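From just these sequences and the hints, can you work out the full model?
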Amino acid sequence: MAILVNKDTRVLVQGITGSEGARACREMLSYGTVVLAGVTPGKGGQSVENVPVYNSVREALLKHPTINASLVVVPARFCLSAGVEAISADIALVNILTEHVPTQDSARLLALARAHNVRLVGPSSVGIISPSLGKLGAIGSSTTSKVFTPGPVGIISKSGGMTAELALSLSRAGLGQSTAIGMGGDQIVGMDFADLLKLFAQDKDTKAVVMFGEVGGTYEEQAADLVEAGGFAKPLVALIAGKFTASLPEGAVLGHAGAIVSRGRGSYDSKMMALRKAGVKITSTIEEVPVILGELIK
Amino acid sequence: MKLYEYQGKELFKKYGIAVPGMGAGPFVVKAQVLSGDRMKAGLVKFAANLEEAEQYKKELGGEGLIEDNIPHVSEHYLSFSYDTSTRGPVVAYSRKGGTGVADAAITPVNILDPHLPFEKDSELSIVAGKLWELFISEYALLAEINPLIETVTGKLIAADAKIIVDDEKTDPGQRRFIDMGGDIAVLASGGGASLLNIDSLISAGGRPANYTEYSGNPPAKVVTELTKRVLSKEGLRGCWVVGGTANFTDIYETLRGFVDGLREVKPKPGYPIVIRRDGPRQKEAVEMLNEVARKENFDIHVFGAETSMAETAKIITKLAYGDSR
Numbered sequence: 001m002a003i004l005v006n007k008d009t010r011v012l013v014q015g016i017t018g019s020e021g022a023r024a025c026r027e028m029l030s031y032g033t034v035v036l037a038g039v040t041p042g043k044g045g046q047s048v049e050n051v052p053v054y055n056s057v058r059e060a061l062l063k064h065p066t067i068n069a070s071l072v073v074v075p076a077r078f079c080l081s082a083g084v085e086a087i088s089a090d091i092a093l094v095n096i097l098t099e100h101v102p103t104q105d106s107a108r109l110l111a112l113a114r115a116h117n118v119r120l121v122g123p124s125s126v127g128i129i130s131p132s133l134g135k136l137g138a139i140g141s142s143t144t145s146k147v148f149t150p151g152p153v154g155i156i157s158k159s160g161g162m163t164a165e166l167a168l169s170l171s172r173a174g175l176g177q178s179t180a181i182g183m184g185g186d187q188i189v190g191m192d193f194a195d196l197l198k199l200f201a202q203d204k205d206t207k208a209v210v211m212f213g214e215v216g217g218t219y220e221e222q223a224a225d226l227v228e229a230g231g232f233a234k235p236l237v238a239l240i241a242g243k244f245t246a247s248l249p250e251g252a253v254l255g256h257a258g259a260i261v262s263r264g265r266g267s268y269d270s271k272m273m274a275l276r277k278a279g280v281k282i283t284s285t286i287e288e289v290p291v292i293l294g295e296l297i298k
Numbered sequence: 001m002k003l004y005e006y007q008g009k010e011l012f013k014k015y016g017i018a019v020p021g022m023g024a025g026p027f028v029v030k031a032q033v034l035s036g037d038r039m040k041a042g043l044v045k046f047a048a049n050l051e052e053a054e055q056y057k058k059e060l061g062g063e064g065l066i067e068d069n070i071p072h073v074s075e076h077y078l079s080f081s082y083d084t085s086t087r088g089p090v091v092a093y094s095r096k097g098g099t100g101v102a103d104a105a106i107t108p109v110n111i112l113d114p115h116l117p118f119e120k121d122s123e124l125s126i127v128a129g130k131l132w133e134l135f136i137s138e139y140a141l142l143a144e145i146n147p148l149i150e151t152v153t154g155k156l157i158a159a160d161a162k163i164i165v166d167d168e169k170t171d172p173g174q175r176r177f178i179d180m181g182g183d184i185a186v187l188a189s190g191g192g193a194s195l196l197n198i199d200s201l202i203s204a205g206g207r208p209a210n211y212t213e214y215s216g217n218p219p220a221k222v223v224t225e226l227t228k229r230v231l232s233k234e235g236l237r238g239c240w241v242v243g244g245t246a247n248f249t250d251i252y253e254t255l256r257g258f259v260d261g262l263r264e265v266k267p268k269p270g271y272p273i274v275i276r277r278d279g280p281r282q283k284e285a286v287e288m289l290n291e292v293a294r295k296e297n298f299d300i301h302v303f304g305a306e307t308s309m310a311e312t313a314k315i316i317t318k319l320a321y322g323d324s325r
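Those protein sequence lines, which keep their order, are chains A and S. The first sequence begins at 1 in this note's numbering and counts up by one. The second sequence begins at 1 in this note's numbering and counts up by one.
These aren't lab readings, by the way, just hints derived from the structure by calculation. Be careful, since some hints might not be right.
Claimed, not checked - Residues on chain A that point at chain S, a partial pick, calculated with CB under 8 Å:
(1) Q222
(2) H256
(3) S284
(4) E287
Claimed, not checked - Covered by chain A, according to a simulated footprint, are these stretches of chain S (three or more residues, beta-carbon under 8 Å):
(5) 188–202
(6) 240–249
Source: prediction; values computed, not measured. Cβ atoms here follow ideal geometry from the backbone N, Cα and C, with glycine treated the same way.
Pasting the structure below:
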């Protein structure tokens, strides 16, 4: 049945008139996902790919009360207000693709999402896809059907590019995916590995999960804590990047904003130790992932 | 962006947090550098009078901060930062300053309804309130006072300042570049893949010259400039251009930018160049690269999605070092 996104997902696109928003709208429609409305303040009355545009989330919800997911693709400086609008309207799932959102704004959005019991994914998410059921965002693009195929493996990734690389590698080995989620590589994100693993644990179609993590923050350690506490009992494979950062100065930032070189908790060694202790299978190359998974779920 | 101590103290003044002034002495002179533990590095000096202080300032390269060395009864630690386990701001406080955050009690702060865990109207609560205001208004990732000194009269003064401002607010999308000391230049795309690829290169026996990364759909010009910067290093023995299978990035544009940069590098690179990339317009890109290699005599080896990124780490390492490794 997949997690977060399925055939019943009804999408609102915030920032639909921008080039990224319009592309996401087009790609979702061509994948068969229902996009009911878009929002761009001041552009109400227009349409994008025949999807009506409204000035506010409230207005869009009045006309389309079945909306249950919002994709936020607005410029970074408007992200806080757009996210607050969606969360305050209690849309069940808010997926923020916007990159370069200040940490403080992300913290505010997450705190509000918790108060409203809204599932927040992102910022800096590449989107969410449940192959053959639906997707949020342009994830997979025109090659979607080749890269993402339906099957039993869940993917959670801090990196958008790695979400697709892992899916491609799995699909080539005949291992399809239940749902693939770009959780984003910022310091503060909405749903983290542990939150998403809990959902995958409940999903009977998911037989195993692969996660891509990297140095910085403690989301990998928290995932290990969850597994160790018995909160996720299915096979889990982790691909963790940034071993080389042990020799770099503490505080240096690499790639994603959350990939901060750390000593102790947050470092590569800390993540490896925690995951290994929890019994998670660890690998350092994409190519090994389907090999390990294939053995775990055969 | 990390601020210098003097910049941090200017912010403290703006938010009403007391900092040492300049009276009749004795003084403390502190080098304005961003590295930690200046005391240990000999970058903090104590002077009895202004003349001596000015002399120390000269010795420290003229960038020293001179201020009163204030007698105090205790040193505290106080900071605000973000924490990934609570995924929100936290306040850290310790009565034992100087040693850092390690000994501090850490308490989450509700960003939507902040209450600080200090006795109401106490001196500490007032200073913490002002530091919180700075932390929020300036979009800081870290606002730290260490030590926060307590004078005989119970007044709290910020003797040091460490502020990190969120780049995403002040200067979003900065390109990250780190010298890694090796001899294989790396142009990697993708925030996550770039980290994994450096790991792969090292595990294949390669020595990366740098870490850098470009993401999204960069214009050719951006790639050109990055190429020139990465290949300007002396003593290179190879160049590795590596990335995954792009959804939207125009691979032809990206690699045309790389070639433009390559042509401008002096002396002309004779070392092997391994390119692994796939995505839109890949075929045209491969044809263009092969033609440039043939006509302009570059040692370029191009690979697509059929060869893994990790595999091309081994290939560039082998080509760069031959058997001399």
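**Prompt:** Looking back at the hints listed earlier, which ones does the structure fail to meet?
**Reply:** none
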